[in-house]
Amino acid sequence: MARSPPIYLNNAATTWPKPPEVLDAVRQSLALPVFGSGRTTGSQGEDYATLAREALAALLNADPPEHVAFTQNATDSLNILIQGFLAANGDGCHVITTALDHNSVLRPLHELERQGRIQLTVLPFENGFVGPDTLESAITPDTRLMVTAHGSNVLGSVQDIARIGESLHDHGIFFIVDGGQTAGHIPVDLRALPVDAYAFTGHKGLFGIPGTGGFYLRDPESVAPVCYGGTGTDSFSLYQPREMPERFESGTHNYPGLAALAAGVNYIASVGVKTIAEKAERQTAFLIRELKSEPNITVYNESPSLPIVSFNIRGMENDDVGFILARAYGIVARTGLHCAPLIHRAIDGGRGSVRLSLSWFTTDEECRIAARAVKEIAQNADSSVGSS
Amino acid sequence: MRIVRSVRHKSCADGSFMKEFLLDAPVPAGFFTYLGNFGQVESIPNIGEGFYRFEKPDWFSIKGFIGDTTVEVRFKKEVMDLTVDFLYFLFSFYREGPRDLSALKQREQAVGRRVRERLYGPE
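Chains A and B, in that order, give the protein sequences. FYI, the numbering for the first sequence is 1 to 388, going by the working numbering. FYI, the numbering for the second sequence is 1 to 123, going by the working numbering.
In short, the hints are calculated from the structure, not lab data. This list has only true hints and no planted wrong ones.
With the C-beta cut set under 10 Å, the calculated list includes, among others, these residues of chain A facing chain B: (1) D319; (2) D320; (3) F323; (4) I324; (5) A328; (6) Y329; (7) G336; (8) G350; (9) G352; (10) E376; (11) S383.
Only some residues are given here: those of chain B computed to face chain A with a beta carbon under 10 Å: (12) D14; (13) M18; (14) I44; (15) N46; (16) G48; (17) R53; (18) K63.
Bear in mind the structure is a predicted one, so any value in this text is a computation, not a measurement. Yeah, the Cβ is synthetic: ideal placement off N, Cα and C, and Gly gets one too.
Let's have the full structure, built from the sequences with the hints guiding it.
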C-alpha cells in the first residue's frame, strides 16, 4: 500500500532527500585517503573540516570561521556549551529556558538542577512566543545564562532572539541559542545578532547527513572545554589547546559527514536561504489553509515562520493518524511529543500531535496530496465503527 | 496466520512498547471481527482497505490495515512478558469461518489473572 518513494514530510527531524552534491561529496570523501590537518603527510584528500567551517561561517555570517566548532549534532553542541559554561563560570547560578524548548535543552538543564548545580526557571509561552515581560520578570541578580530554541520544532514559531539577546546582555547574561530548526531555513546573521553561542545540527536544514553538528562561539574563553584529547596540534602539551576550534574538537573528525555538510551548505548558498524560506512559507500557508478548512482538524499554529504544521484530528489518536498516513497514503510524518513535552502540555494536554514538516525539495504536488489525505482521514474519522 | 518476525520496535511516549510484526499472509477482513471476541475493535472502513484498531486494556493494542502483511502492536510494558505469548496464539489460532474459541478463552482467563495480579495486586 505504501508509496515508493514516499512523500517525505518529516524534514524537521531529518531532511530527505539530500541534494545530489551531498551524496557525491560523501562518496568522494571516502575515495581518497582523508586529509586531517596535522594527522597525515598525505595531501591527496580535501580538508573537509576547513571547507565546512568556512561554508558555515559564510552562511551564518559568523566570524572568524575558526569560532565554528564541530560536534556530533545539536544536542552534543548544547551539552558542551551548557556544561562548558558552568565549568568556566562555576556552579550555583540561575538559568532561564522556556517551555518551547526541546529535550536537548530541557534535559541537560533539569539534570543540572537535580544535581543542585543551578537554579532553573522555565518560562511559559503564549501563541508560540515568550513575551518580553515574562523574560524580564524572570531575571534575578543570580541569572547568568539563558538557553533557548530559535525556532520551535512543534509550532514553527521563531523567537525574536535580537530582542531577547539585547535584554539579556543589559543584565550581563550569557545567551545560548539552539538553532537546530533555523539554520538553513531562514537567514541568520550572527555578526548582527546579540547571541553568544549558536548551536546547529548538520542533518536538518543544512542538508548534511546524521552525525554532524556544531556551534559558533563568540568568546571562546566564556566556555571551557569538557572533552579533552588529541587535536593534531601542539601535541607536546599535555593540556587541551586554548585556541579555536581545537579547544572543542578532540579526536578524529567525521570527514564524510563534514564533506556532506560543506556540500549541503554550499548547495543552500547557491539557491539562497531567502528563496528557500519564501517557497517554504508559500507551501506551509497552503497546507494550513487546506487543513483549517476541515472542522475536525485543529492546527496549533496558523502562522508559523518555519515549514512546520502541527495538528490533531478530533476523535483520533495522533499516532493512528500518522500510521494511516504512512500505510494508506505513503506519507511520512511524525507523531507524538517531538521531544518537546512542555509545548504539548500547553497546547494539547500532553497528547502530542501530528507534524508535517517540509524542505526545499518538497513539491507543490506533494503538499496537495498530503492536504487531501489528511482531510480524507478527518472526514472519515466520524465514520469510525466500534464493536466489542 | 502466523507472526514471522518483529521488524521494528520503539518505546512510546505513553509508556507502552511498540513492535511491528511481519505476518506470513495479508490480514483478512474477518481477522479483526474475530479479535472482537477478546477486546474492543474500532475501524475506519473507508480508509485504504480498511483501518482497524483492536484494544485489550492492560494487555496490548493491535492496529493495521486489511490486506497488509504487517501490524503494529503496543504492549503494556509491565506485563509484556505475560501477554506476548497470547498475542502469538491470537494470530496462529485464527481460521476463516466458525471456530471453537473455548481453549483460547481459557488461556485468556489464566493470563488475565496473572496480569491483574501483577498490575493491581492479589485479588
